[in-house]
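One line per chain: the protein sequences are L and V, in this order.
Note that this note's numbering has the first sequence beginning at 1, numbered continuously upward.
Note that this note's numbering has the second sequence beginning at 1, numbered continuously upward.
Quick caveat, the hints were computed from the structure, so don't treat them as lab data.
Heads up, some of the hints might be wrong.
No farther apart than 27 Å at their CA atoms in a straight line, the calculated lysine-lysine pairs in the BS3-like style are these [claimed, not checked]:
| id | chain 1 | residue 1 | chain 2 | residue 2 |
| --- | --- | --- | --- | --- |
| 1 | L | Lys58 | V | Lys103 |
| 2 | V | Lys12 | L | Lys12 |
| 3 | V | Lys129 | L | Lys15 |
| 4 | V | Lys15 | L | Lys103 |
| 5 | V | Lys225 | L | Lys15 |
| 6 | L | Lys103 | V | Lys134 |
| 7 | L | Lys60 | V | Lys117 |
| 8 | V | Lys74 | V | Lys117 |
| 9 | V | Lys58 | L | Lys15 |
| 10 | L | Lys194 | V | Lys58 |
| 11 | L | Lys103 | L | Lys60 |
| 12 | L | Lys134 | V | Lys225 |
| 13 | L | Lys12 | V | Lys103 |
| 14 | V | Lys134 | V | Lys225 |
| 15 | L | Lys170 | V | Lys117 |
| 16 | V | Lys170 | V | Lys134 |
| 17 | L | Lys117 | L | Lys82 |
| 18 | V | Lys129 | V | Lys74 |
| 19 | L | Lys134 | V | Lys15 |
| 20 | L | Lys60 | L | Lys74 |
| 21 | V | Lys170 | L | Lys170 |
| 22 | L | Lys194 | V | Lys42 |
| 23 | L | Lys129 | V | Lys74 |
| 24 | L | Lys134 | V | Lys12 |
| 25 | V | Lys129 | L | Lys58 |
Only some residues are given here: those of chain L computed to face chain V with a beta carbon under 7 Å [said to hold, decoys possible]:
| id | residue |
| --- | --- |
| 26 | Asp13 |
| 27 | Ile16 |
| 28 | Thr44 |
| 29 | Glu45 |
| 30 | Asn48 |
| 31 | Ser145 |
Just so it is clear, the structure is predicted and the values come from calculations on it, not from any experiment.
Ideal Cβ positions, reconstructed from N, Cα and C, are used throughout, including at glycine.
The chain contents come next:
Protein chains: 2
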Amino acid sequence: MVFLNGEFLPQKDAKISTLDRGFLFGDGVYEVIPVYNQNIFKLTEHLNRLDGSLRATKIKNPFTGNEYKNILTKLLKNNFAKNQTIYLQITRGVGESRSHNFKNLTPTIYIRVDELKIRNKNELVCGFKAIITKDIRWNNCYIKSTSLLTNVLYVEMAQANLVEEIILEKNGIITEGASSNVFILSKNTIKTPKINGEILAGITREMVIKSAIATNLEVKECDIKTSDLMDADEVWISSSTREVMPISQIGDKTFSSGGEVWQQVYNHFQTLKSE
Amino acid sequence: MVFLNGEFLPQKDAKISTLDRGFLFGDGVYEVIPVYNQNIFKLTEHLNRLDGSLRATKIKNPFTGNEYKNILTKLLKNNFAKNQTIYLQITRGVGESRSHNFKNLTPTIYIRVDELKIRNKNELVCGFKAIITKDIRWNNCYIKSTSLLTNVLYVEMAQANLVEEIILEKNGIITEGASSNVFILSKNTIKTPKINGEILAGITREMVIKSAIATNLEVKECDIKTSDLMDADEVWISSSTREVMPISQIGDKTFSSGGEVWQQVYNHFQTLKSE
């Protein structure tokens, strides 16, 4: 069962007009929210970020926090996996034709729930491969928009190169992963790119920072040159489905992974999931 | 009547799954093709450009040129406007869930026809307003992709500023308009940004170049600095719906519009429409 514009219905019946601006223009925003043991994780933070994306794109937020909560609770009751992931998309709505005019439309709201498959600690310790490539995305990646073709092409690149993630650089500075935030560990200091309009303020990123501080690491949000990353002791990426994942190889260069520092941060991270 | 995945049906019945990757990821490409007096304009060129966009995004082209032609002919028979505009969109298709995996899907094809409203010469001569802003789009604008949120935001900016078009600059160099190509006239030479991966190879742009050459103007495809544009004698923009349109004001600066040189190019342009 999914939610579409006020109705709960089977996925096979969830259809939208070809004139929906989400379909014609990628004119929408979304959130992905993890659910651990039927507990929606940081719902307020995710709804706040959603509201920020809607404001930036001038799409009206159709629901209050409580209305979202009621819909999500009903959807989650019909899904029995231990951990789940909520996908929530809002588009500007259905126009009368493929016109660029878009005033006063009724937003389209689509929500679905899937099982969240999280890799366990044993699967993470050995680390995963990545490659670095040029960040060619638009400049406003702080907006979580459905105009995601660049990301689709990065996923294709990752699959073709048999790597887990594509790490992006712009003018020699690391921005983020194609669907993750990036951290480096250098001499017991954790560094991660500072939040600006060009990267997403990851909610998992915040948890990793919190976990690193809790384990007495120094954390710096600062510019990271590509060369800093390649010279780092360790590289990690974070996202709601990957949590905090060690990167063991970038191109030909190998990195230490799953060491004591990472284990401490990972362990503390787990305790935050029941917050 | 519109065309959707092999069927001709009323627009109100043209529905797609919410799992269509065009809706979830802006994972599709499109073309807009003018039709003058029931004559499809430069169909081969448009289909070639479509094929280029499909290759760049690794989406399979579902039809041959003749198959497209047959579908378009049938659609056009049901529309009686003098001039028409074909909108043709292809997405990667419907996935099983919102997964980034996308191998071996069947592309979604949606085509609709609307009346093409072209401004006549009298409406054009006085010129239109524009403003210049930073080009924040992704780097591969040669692909005509449906991930168009940036363009939607530029349209909103144009409406808020009561201007016809937003002209884009990157690092002090003009790229193109939000939905047009840009030309300047300086001392009887026409200049337009040269085609590279960051701008669309407009088919109307080619016609304007051809018309300018036919009327004995020198044409240079080269970098145009923002200051060159502001110092130009005239500024024009081109697109299939605007043809060749004079810009009479950018910010506070006014420009001459509708003069003899523009009239010659405009007149020659009209003769190319029956090619």
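Hint by hint, where does the structure go against what was stated? Just the numbers, ascending.
Violated: hints 1, 3, 5, 7, 10, 15, 18, 19, 22, 23, 24, 26, 28, 29, 30.
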